[in-house]
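Chemist: Protein chains in written order, with numbering that gives the first Met the number 0: chain V, 0 to 458; chain Z, 0 to 266.
Be careful, since some hints might not be right.
Far from chain Z, by Cβ distances over 12 angstroms, these chain V residues were calculated [stated by the list, open to error]:
#1 Val31
#2 Pro47
#3 Ile49
#4 Gly60
#5 Arg61
#6 Ala200
#7 Pro277
#8 Ser283
#9 Pro316
#10 Arg336
Short, incomplete list of chain Z residues facing chain V, as computed with Cβ under 10 angstroms [said to hold, decoys possible]:
#11 His4
#12 Ser18
#13 Leu23
#14 Lys202
Simulated crosslink set (DSBU-like; lysine-lysine; CA at most 35 angstroms straight-line) [said to hold, decoys possible]:
#15 Z/Lys255 <-> Z/Lys141
#16 Z/Lys141 <-> V/Lys206
#17 Z/Lys151 <-> V/Lys125
No wet-lab data here; the hints were simulated from the structure.
Note that this is a predicted model, so its numbers are computed, not measured.
Where a beta carbon is used, it is the ideal one built from N, C-alpha and C, also for glycine.
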Amino acid sequence: MSTIAGGRAARRQTMRRIRPRRSPAVPLLIAVWAGAAAVLWLWWNNTPSIADNNSRILNAGRITGLLAGYLMALVVLQMARVPALERRVGSDRVARWHAMTGRYTICLVLAHLFLTMWGYALQSGKGLGQIVQQTIDSVNQLPDMGKAAIGTGLLVLIGFVSVGWLRRLIPYDTWYHVHLLTYAAVFLTFWHQLSTGNDFAVEPVAKTVWYGLYGSVTALVIWYRILSPIRLNLKHRMRVQAVIEETPGIVSVLISGRKLHRMGAEAGQFFRWRFLAPGMRFSSHPYSLSAAPRPNMLRITVKAIGDHSAALRDLEPGTRVWAEGPYGALTAGKRSRGKVLLVAGGVGITPMRALFETLPGASGDLTLLYRANTTQDLALWDELAAISKERGARLMYAVNSPEGERPDISADSLRRKLPDIDHHDVFMCGPPGFAQEVYAALRGAGVPARRIHHESFEM
Amino acid sequence: MKKNHPIRRFVLASAATVSGIVLLLALKPASDPAAASAQAGAAPQQTAAAQGAPQGGTAQQSGTGTVLGDVVQTEYGPVQVQLTMSGGKITKADAVQAPKGGTSDQKTALSVPKLNQEAVTAQSADIDAVSGATYTSGGYKKSLQSALDKAKATGGTSGSSGSSGKAGTSSAAPAAQARVVTGTVSDTQYGPVQVRLTVEGKKITKAEAVQAPKGGVSDQKTALAVPKLNQEAVAAGSAQIDTVSGATYTSEGYKKSLQSALDKAGV
């Protein structure tokens, strides 16, 4: 009797401890839609009637303009590195939102420009053909339109270099620095909204709300993108301690610093790293922690794919490190079940290695499946084996056969290895193709989508 | 891990946006219900007044009086010019309506006096636009031209004054006894109010607001308050009328303009 009661109590306690932390994505999305509705209401309330086609065009221009102005603030907010977004919703999801909203906003801006100028052209007795002339006239005559024209030009440029195929052609750093011009573009286009916008002229409250919206986004950007990182780096003073080659092409960088456990980093999270070495100081890159943070030591493990990751191999010990973070939502907080399967593909082992070490769990609760091309590519294998032995966790690997045949990762094979796989939470990290394949296999094996936790930086 | 369908998403987003905007535009009425009630008759009257209403009562000396131009809509708001003519010449030009709110206030303050002066100097609508206020200038010129056309149409003879030439609504009384008096413009926090009265003898037979606050919630308030105030003015026969609750500023402005009209009419 007592054992059953004890078991039940213990289970209840376990369940309480591992209740998953809710992502605030749904309430945030509701707030965003409500804001859009409020913006449309502002237009509705200030527009008594629409008499003819000319005013239909002008009003369509006003609606697109108002929505673009609203979304522009959100596009910037999405990249303000607000912890609630980066750590709770997940950096990857927010980045996808940002890309989606950005594209949509640029389309709205162009529609607004075209419709408004067309409407004005009609009003002053010009045809659609003289729309360019009308645009020049309006830029010359209306307040703040010169600024708005420059800002719109910048937005178009930024949108252009972010188009998929073009973005792959230009170096990441160039793309990133062009992207930073967004701040200038938003600043330049802000003023014409207030000085020429009908709705802000007649509704002082709307003007105040607009200042509030853009003001708070600016404050968040300054706080989380500038001041917080400065404070973090002044406090922790990180330096490269050593660079270790794990396997051919994969290096670990050990980073020393002060009170590193106070940074609040969890296993599964990443920082954006900037190494203050020649040629590297102007770009920062996201790399996951490959071990749980220790008070005086952090470790990242990186595969040499790009220029930046290849240059890591030659870092001198003592190089100053500038880090921003921690970011990422792929942490223990996502977990909803006692049993956890970790799936790693290639260098995706880094966050999985940290989770494998730290996820709370009894013997037999944890399983790690590690996929690589060959056994030589299984970086950190010795550490994983040690952890598995110590914790009583299962460790499996899947590599190509000597003939180069791909291992079988399917619903059936997964169920064979883990008969109760549908009672697991799955954490997954790996290249996009691999993740897609495993995701399908997991769903086929009966794991519900809400229990598959995955970070993907594919746009 | 949802599959990405960029093209499908693009088409869906475009279709949703376009249909949403079209729907919003289609739901808006073609004419402004608030303005219609506030300015009902006002627009025809302006025309009537400008045309000089041949049967209008106290016709003055030939080519003398005031002529109202058409209301011209610009990007920043309506512009309407009123001319005071004497012997077929423009002696005074005023903008009864001009863009308001935001930077428009400054622009109006800057441009309208200049335009008024230019109109008197040029004696035609061939005047220069004030730089920095192109749209207002354009609207002003159009309205000025329409006022000149109207003055010409009546042969420059029986130009009606603001206190004469009320045509349309003279069904009740012999035209000769009816007078139309326009009160002064009374500025309120939400915009100008101007009352026009039709007076027969010492009685007010009709009261209207030629101007009333517009835009945003003002539209609703105007629609609510002005008809009531008009009715009260006719009933009271004086400016001793109750304010409409919820539209205090408009009511106060109305009463002031009403009083000035009554003073002019000598009631």
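Chemist: Say whether it holds or is violated: V/Ser283 keeps its Cβ farther than 12 angstroms from all Cβ of chain Z.
Modeler: holds, 26 angstroms
Chemist: Taking the least C-beta to C-beta distance, is Z/His4 closer than 10 angstroms to chain V?
Modeler: Violated, about 12 angstroms.
Chemist: When you look at the beta carbon of V/Arg336, is every beta carbon of chain Z farther off than 12 angstroms?
Modeler: holds, 19 angstroms
Chemist: Z/Lys141 and V/Lys206: Cα distance at most 35 angstroms?
Modeler: Holds, at roughly 32 angstroms.
Chemist: Was V/Ile49 rightly flagged as not at the interface, with every chain Z Cβ beyond 12 angstroms?
Modeler: Given a closest Cβ separation of 4 angstroms, the condition is violated.
Chemist: Between Z/Lys255 and Z/Lys141, does the CA-CA distance stay at or below 35 angstroms?
Modeler: The hint holds at about 31 angstroms.
Chemist: Go through the hint on Z/Ser18 and say holds or violated, using the shortest Cβ distance to chain V against 10 angstroms.
Modeler: violated, 12 angstroms
Chemist: Is the claim that V/Arg61 lies outside the interface with chain Z correct, judged by CB distances over 12 angstroms?
Modeler: violated, 10 angstroms
Chemist: Decide, holds or violated, for the assertion that all CB atoms of chain Z are farther than 12 angstroms from the CB of V/Ala200.
Modeler: For V/Ala200, whose nearest Cβ neighbour in chain Z is about 3 angstroms away, the distance does not exceed 12 angstroms, so it is violated.
Chemist: With 12 angstroms as the threshold, tell me whether V/Val31 passes as away from chain Z on beta-carbon distances.
Modeler: At about 15 angstroms from chain Z, V/Val31 clears the 12 angstroms cut-off, so the statement holds.
Chemist: Mind checking the CB of Z/Lys202 against every CB in chain V and telling me if the closest is under 10 angstroms?
Modeler: With a closest approach of 34 angstroms, the Z/Lys202 hint is violated.
Chemist: Would you check the hint for Z/Lys151 and V/Lys125, treating anything up to 35 angstroms between C-alpha atoms as holding?
Modeler: holds, 29 angstroms
In terms of the numbered hints stated before, the structure departs from hints 2, 3, 4, 5, 6, 11, 12 and 14, listed from lowest to highest.
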